[in-house]
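Number of protein chains: 2
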Amino acid sequence: MAVGLSEPENLLPVAGVELAAISAGIKANQQDDLVLLKLEQGSCCAAVFTRNAFCAAPVIIAREHLKLASPRALLINSGNANAGTGEQGLEDARQSCALVAEVIGCEPQEVLPFSTGVIGENLPMQKLQSGIARLPGKLGADNWLLAARGIMTTDTLAKAVSSTVTVDATEVTITGIAKGAGMIRPDMATMLAFISTDATVEPDWLQQCLHAAVKISFNCITVDGDTSTNDACILTATGASGSRMLAGECDDSKQFVQVLTDVCTRLAQAIVRDGEGASKFVTIIVDSAADEAEARRVAYTIAHSPLVKTALFASDPNWGRILAAVGRAALDDLDIDTIRIFLDDVCIVSNGGRDAAYQEDMGQQVMSQDEITIRVELNRGEQQATVWTSDLSYDYVKINAEYRT
Amino acid sequence: MAVGLSEPENLLPVAGVELAAISAGIKANQQDDLVLLKLEQGSCCAAVFTRNAFCAAPVIIAREHLKLASPRALLINSGNANAGTGEQGLEDARQSCALVAEVIGCEPQEVLPFSTGVIGENLPMQKLQSGIARLPGKLGADNWLLAARGIMTTDTLAKAVSSTVTVDATEVTITGIAKGAGMIRPDMATMLAFISTDATVEPDWLQQCLHAAVKISFNCITVDGDTSTNDACILTATGASGSRMLAGECDDSKQFVQVLTDVCTRLAQAIVRDGEGASKFVTIIVDSAADEAEARRVAYTIAHSPLVKTALFASDPNWGRILAAVGRAALDDLDIDTIRIFLDDVCIVSNGGRDAAYQEDMGQQVMSQDEITIRVELNRGEQQATVWTSDLSYDYVKINAEYRT
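As you go down the protein sequences, you meet chains A and B in turn.
Residue 111 in the working numbering sits at position 111 of the first sequence, with consecutive numbering throughout.
Residue 230 in the working numbering sits at position 230 of the second sequence, with consecutive numbering throughout.
Quick caveat, the hints were computed from the structure, so don't treat them as lab data.
Among the hints, erroneous ones may be present.
Which copy? The list can't say, so a pair holds if one copy fits it or any two copies do.
Heads up, simulated SDA-like pairs for lysine to any residue below, C-alpha to C-alpha not over 20 Å straight-line [as the list claims (entries may be wrong)]:
1. K127 / G137
2. K398 / M367
3. K67 / T156
4. K254 / R51
5. K254 / L90
6. K254 / T170
7. K215 / E292
8. K67 / D262
Using the sequences plus the hints, can you model the full thing?
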């Protein structure tokens, strides 16, 4: 029951990128579960990974390979996270890269491995081996939607976005896919995003562009506060558009980062819209904070409160729960009387309690919508933060309680 | 469906303490909702309050009065939290104290007010006024169970505990009551505990004893991670046993604190056992930590993880979720390979993954019980922490989604 999300449309190929997706039999349901993203020689790559100390074997190997070479291919399997698998898991991830290198003709360290699915089980290497052999014959530039579907686990909809931007009179394309329906899928380990562009971008600058975009997109979403063992976001730039090289601050770079951020934001929001059991898409804005850190802390405290989340599920304009969450966000010298809280444009809290002009039916009207904005004015400074989240429903409990049964 | 909790039994009166409970009509259901605890002259009092910046009017007034005088009476109403009520709320709390002072013959600042219930509505002062007038006629030393029931909101069972300890050949009694079923009851604002002893204790030392006991009892429980606007724990000592005065470290003090801690722990655990929608009572022990702070951080990260809590509800020995929670607790230089995790005595995780000797049915057997211990060995030092929590069930969502409907 994804909120305001439909099948991706109008996906644009990215010059220099070919994709293939097949069913290798890793998932039980015969759906595609093995994806190859092949990059033209000379492409460069930026990456950010999970900060969870318990990170999966493919994350460790991908980090290693990125230090050694610029990638020619990304191999992604769904249905098995290759996490909590010890030495065997590392060996399997390395072996997968070697198999891909053999069939496409490159070095093993030029392949990055990614896995998503059940934790604690070894990769079925025989299935991978025969699957990988079939991938090269399926490569095509128009397979972005197939790839988006091939990396899904319990996502209910594929997530993919395209956009274009002009660099010095050359139009370049940015297309990305993502998967994930909870910040962690414990058995299913979880968020992956792969974004490609045919722009020409200097490698260090590409990494900076990715950091700038991720900071205000993927790093601003939460479904349940749990972070994954397998999270990765990869940005590749093929340069195949022949555009002028972007290598630092300039108007073109600014535009490029803006469009990249927009692509990342739409993918990140798609994950929340398809969040486990989600019936609401909620934007939490905390503004006039003393610094960005406190704005984020307040926004996340609201976003993670089970009581706020169940009130959202119930369409209950329960201002006491929101105010209490602000109150426990541990801000120094917080004067609760200066805070104002809004549901969309309706002021629900001022002067430490219910706003004098507020009537319950005004809040009820806002809360009955599928998409709601909670805005907190701290009135302590100039900084702000935005976080996107979903509600806590019976279905969230059902999905996570019954996952392995 | 409280877990392993039954009606309190064998409650002992505390010399110097009388209690009364009546229905003043604040709750809609005709149950008792107004409680008076009257203390003999010369009693002293220690208190700890919520750290939520959004604290209720009675908390503000109780703190004020404690600075001015030693209390002679505590007035507690359930059904209305007097929180988020601005100036009128402060005025109502002061007025309640004045009314009590009048009927029992003391100064208003010798009365402490406490409220628990719906947030954001003013106290029904007419009902309070006529109720308070009826309280003195109902006072009795044996009314601890009535008082425990009178402070309940959506608790399913009353929570009360008695114990005794010998101070220098004099037997002294400690009896306490508590209420609360979520760390916050947003509309219902939430945990209250009142403990009395007839021991003679020097006031500053009494406060230290309370801090020591609360630190490893009430401060170690969590149902949903939300803290309340009205939390308070009050310890009063009447001295009516005629025992030697406790005023600092000594063997008798040590024993007194030990028994006080035991009383607080049993009350705190009763709150978790009666937690919103609880079907499991879970003890989380993190040991061999570098310091206590990191042990607590890991324990709370596990206790608050919606994914661990839904796995507990499902009786699913999902070690990946527990390990992933440890991994995101942000410990410096955490080596995931040195960690061991146990369900009761069953080792489920070692060397960064599923323990070699572990079989699913061993974990399943532990998880099928009502009471479960999750123990994490960090192997980084000598410190430890214990936290008690409950699971995340359909009923948790139901209770909190439907509370105001």
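Note to self: If the cut is 20 Å between Cα atoms, do K254 and R51 qualify within a copy, between copies, both or neither?
What the structure shows: neither (27 Å within a copy, 44 Å between copies)
Checklist line | Intra- versus inter-copy proximity for G137 and K127 (alpha-carbon distance at most 20 Å) | finding: within (17 Å within a copy, 81 Å between copies)
Notebook entry, point to check: Should K215 paired with E292 be assigned to within, between, both, or neither, using CA atoms and 20 Å as the limit?
Noted result: within (12 Å within a copy, 32 Å between copies)
Checklist line | Status of T156 relative to K67 across identical chains (alpha carbons, at most 20 Å) | finding: neither (35 Å within a copy, 59 Å between copies)
Check: Is it within, between, both or neither when you check K254 against L90 at 20 Å Cα-Cα?
Finding: neither (39 Å within a copy, 53 Å between copies)
Checklist line | Alpha-carbon proximity context of K254 and T170, limit 20 Å | finding: Result: close within a single copy only, 15 Å intra versus 79 Å inter.
Check: Which holds for K67 with D262 at a C-alpha limit of 20 Å: within a copy, between copies, both or neither?
Finding: This pair counts as neither: shortest intra-copy Cα distance 28 Å, inter-copy 56 Å.
Item checked: Same-copy or cross-copy closeness of K398 to M367 [CA-CA at most 20 Å] -> between (23 Å within a copy, 18 Å between copies)
Of the numbered hints listed earlier, those contradicted by the structure are 3, 4, 5 and 8.
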